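Engineer: Chains as they are written, first to last, in full-length UniProt numbering: chain A, 1 to 321; chain B, 1 to 321.
One or more hints might be untrue.
Anything over 10 Å on all C-beta distances counts as not near chain A; from chain B, calculated [unchecked claim]: (1) L25; (2) S26; (3) P47; (4) H71; (5) G96; (6) K112; (7) A156; (8) A157; (9) N198; (10) D260; (11) T279; (12) M286.
Below, in silico cross-link-like pairs of lysine to aspartate or glutamate (EDC-like), each with a Cα-Cα straight-line distance of 16 Å or less [stated by the list, open to error]: (13) B/K112 / A/D10; (14) A/K45 / B/E9; (15) A/K112 / B/E106; (16) A/K112 / B/D11.
No wet-lab data here; the hints were simulated from the structure.
None of the values given here were measured: they were computed from a predicted structure.
We put the CB at the ideal spot given by N, CA and C, even for glycine.
There are 2 protein chains.
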Amino acid sequence: MAVYTDITEDDLSSFLTAYDAGTLLSYKGIAEGVENSNFLLHTTKGPFILTLYEKRVDRNDLPFFLGLMHHLAERGLSCPLPLPRKDGALLGELSGRPAAMISFLEGMWLRKPAARHCREVGIALAKMHLAGDGFQIRRENALSVEGWRPLWEKSAARADEVEAGLQKEIGQELHYLEAHWPGNLPEGVIHADLFPDNVFFIGDDLSGLIDFYFACNDYLAYDVAICLNAWCFEKDGSYNLTKGMALLTGYESVRPLSDDEAAALPLLARGSAMRFFLTRLYDWLMTPAGALVVKKDPLEYLRKLRFHRAVENPVEYGLSR
Amino acid sequence: MAVYTDITEDDLSSFLTAYDAGTLLSYKGIAEGVENSNFLLHTTKGPFILTLYEKRVDRNDLPFFLGLMHHLAERGLSCPLPLPRKDGALLGELSGRPAAMISFLEGMWLRKPAARHCREVGIALAKMHLAGDGFQIRRENALSVEGWRPLWEKSAARADEVEAGLQKEIGQELHYLEAHWPGNLPEGVIHADLFPDNVFFIGDDLSGLIDFYFACNDYLAYDVAICLNAWCFEKDGSYNLTKGMALLTGYESVRPLSDDEAAALPLLARGSAMRFFLTRLYDWLMTPAGALVVKKDPLEYLRKLRFHRAVENPVEYGLSR
Chain A
1 MAVYTDITED
11 DLSSFLTAYD
21 AGTLLSYKGI
31 AEGVENSNFL
41 LHTTKGPFIL
51 TLYEKRVDRN
61 DLPFFLGLMH
71 HLAERGLSCP
81 LPLPRKDGAL
91 LGELSGRPAA
101 MISFLEGMWL
111 RKPAARHCRE
121 VGIALAKMHL
131 AGDGFQIRRE
141 NALSVEGWRP
151 LWEKSAARAD
161 EVEAGLQKEI
171 GQELHYLEAH
181 WPGNLPEGVI
191 HADLFPDNVF
201 FIGDDLSGLI
211 DFYFACNDYL
221 AYDVAICLNA
231 WCFEKDGSYN
241 LTKGMALLTG
251 YESVRPLSDD
261 EAAALPLLAR
271 GSAMRFFLTR
281 LYDWLMTPAG
291 ALVVKKDPLE
301 YLRKLRFHRA
311 VENPVEYGLS
321 R
Chain B
1 MAVYTDITED
11 DLSSFLTAYD
21 AGTLLSYKGI
31 AEGVENSNFL
41 LHTTKGPFIL
51 TLYEKRVDRN
61 DLPFFLGLMH
71 HLAERGLSCP
81 LPLPRKDGAL
91 LGELSGRPAA
101 MISFLEGMWL
111 RKPAARHCRE
121 VGIALAKMHL
131 AGDGFQIRRE
141 NALSVEGWRP
151 LWEKSAARAD
161 EVEAGLQKEI
171 GQELHYLEAH
181 WPGNLPEGVI
191 HADLFPDNVF
201 FIGDDLSGLI
211 DFYFACNDYL
221 AYDVAICLNA
231 WCFEKDGSYN
241 LTKGMALLTG
251 YESVRPLSDD
261 EAAALPLLAR
271 GSAMRFFLTR
281 LYDWLMTPAG
291 ALVVKKDPLE
301 YLRKLRFHRA
311 VENPVEYGLS
321 R
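Only chain A is shown next, with the shape it has when bound in the complex (with noise of 0.2 Å):
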């Protein structure tokens, strides 16, 4: 929830005849977007969101995030279309940073999900997976298994201090997912970040998908993975198999998952509370005290990670088999 960089109306309106956006009518700041700086401007030809890009972005990523919502967009996929400038590049320049006109999408995100919206989403992240095909830029996942490690080295030392025993736990879970992380399922891009406030909704339907900025190559039934967690918990630490049930019948009737996805469903939601526990973990440990942003608690995603552990068969979250 940040406007890192303000803007004045004399670079915006320069900026702006790069493109055919039509006329300036206003712009605000948006408290959207921990990573960049969100407006939101009124033209004579409609509203759009204007996203400077801060510097936790890696600018090298940034063709692959605009190009992919371009690709995902062409293919019918509902979320934010890159506005291409006149010379046909998705990506200027304004007080120093690189920044993009981005198609705004109406739509809300759902504070409280119900099944109904479950399913929605699971069919939203079944066509996502299939749009993406044939996207051409590749970028890995740095926040997959490989990736756990050197985050868990940097919090290790300090884990106890969340939980008492936190520290062998952790380490015996990541041997364990190391040592038998799938190695061959089917691939593509995935959005890796799909959490409520990233879909939209009007009503009780799905309006788009948002927020590409995790987005990488990796095994789309990790994508189902995070999903189960983002989605399929309840604020007590429940898991809801009725809103599972309605994700994964979602997704399988646009996309079927394989018998080999559907086995290592319970290692990849494993590997999935675990990634998010870290990054959680890191943040909780290394955030100064009294630093304005919401620390989210690694705990939820630690109860999540020993729920996992105790599933025997994709079954128990709702698969029909």
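Assemble the complex: chain A is given as a structure, and chain B must be docked to it using the hints.
Structural biologist: Chain B in isolation, oriented as in the chain A frame:
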């Protein structure tokens, strides 16, 4: 620049049932307004600003502020117009706070206004003064001459931390202003805070005035003096006579100043500089180090105060007489 209160779609949708505002399509918290939480809504009926009034705003003042915007907009002034609820009320409640739906005003504020913009501001200010006639609710100006001493007493003992000799200089100035403040100039509803960020332009055309949350009843010419301070000084502290002339000529093209008002202008400008000096000084001394608020330099207004003290004749501001 803040969104203090987050709202959920459920609460917002239920709030909106009291209005004839169309179907909600999206809402974004915007980084605008220091005292309140503001959201930009898109509905099937267009864009709106939703304002939640936080604790710093006195609830008893809200009927004045909202009623005034309604009064001014009805009389043709371009300003945000509160949307009445179906029951006629201008104020509702959302997330435990008083809240209003307000029409969205297109336009941008100018970071570097030129003389031609100052002329437009003068015209708009005079139009506002005429349009305010007949508004039935009164609100005293808590930041006029009677309010300065109580404010000064909170900072006086520490004033020399900001500049040596300040305690003595401001003490004397305050005595002078209290002894010489005019007693019978034309009164009306004034904006009282018409700084560049409260005036919107599209290109070079003024599209409207916003932020009436300091508006009150006071001398109309005092509002002119506030604008001279807010619009007609350069960053180096010098008074820009061309801008002053443009602003005053614009104002007088709609509402000529009386001889008494013209004669009082240097004193009113000193008072207006005192008012902004005192609130800035207080914030400067009282805001904790490290707070995320941009502290505005009180010395900017001390320099303006000294300038006005040396003005002997209002023609020095660019007034044609």
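Engineer: The structure should be examined with respect to each hint, and the outcome stated for every one.
Structural biologist: Going down the list of hints, with the structure as the test:
1. L25: The claim is violated: B/L25 sits with its nearest Cβ about 4 Å from chain A, within 10 Å.
2. S26: Check fails; 5 Å does not lie beyond 10 Å.
3. P47: At roughly 7 Å from the nearest Cβ of chain A, B/P47 sits no farther out than 10 Å, so the non-interface label is violated.
4. H71: 24 Å, holds
5. G96: Holds, since 16 Å exceeds 10 Å.
6. K112: 7 Å, violated
7. A156: 31 Å, holds
8. A157: At about 29 Å from chain A, B/A157 clears the 10 Å cut-off, so the statement holds.
9. N198: For B/N198, whose nearest Cβ neighbour in chain A is about 14 Å away, the distance exceeds 10 Å, so it holds.
10. D260: About 39 Å separates B/D260 from the closest Cβ of chain A, which puts it past 10 Å; holds.
11. T279: The assertion about B/T279 holds, with a minimum of 23 Å to chain A.
12. M286: Answer for B/M286: holds, closest chain A Cβ roughly 19 Å.
13. B/K112 / A/D10: OK: B/K112 and A/D10 at ~9 Å, within 16 Å.
14. A/K45 / B/E9: Violated: A/K45 and B/E9 sit about 27 Å apart, past 16 Å.
15. A/K112 / B/E106: 33 Å, violated
16. A/K112 / B/D11: At roughly 12 Å apart (the allowed maximum being 16 Å), B/D11 and A/K112 satisfy the hint.
Hint check: violations occur at hints 1, 2, 3, 6, 14 and 15; the rest are consistent with the structure.
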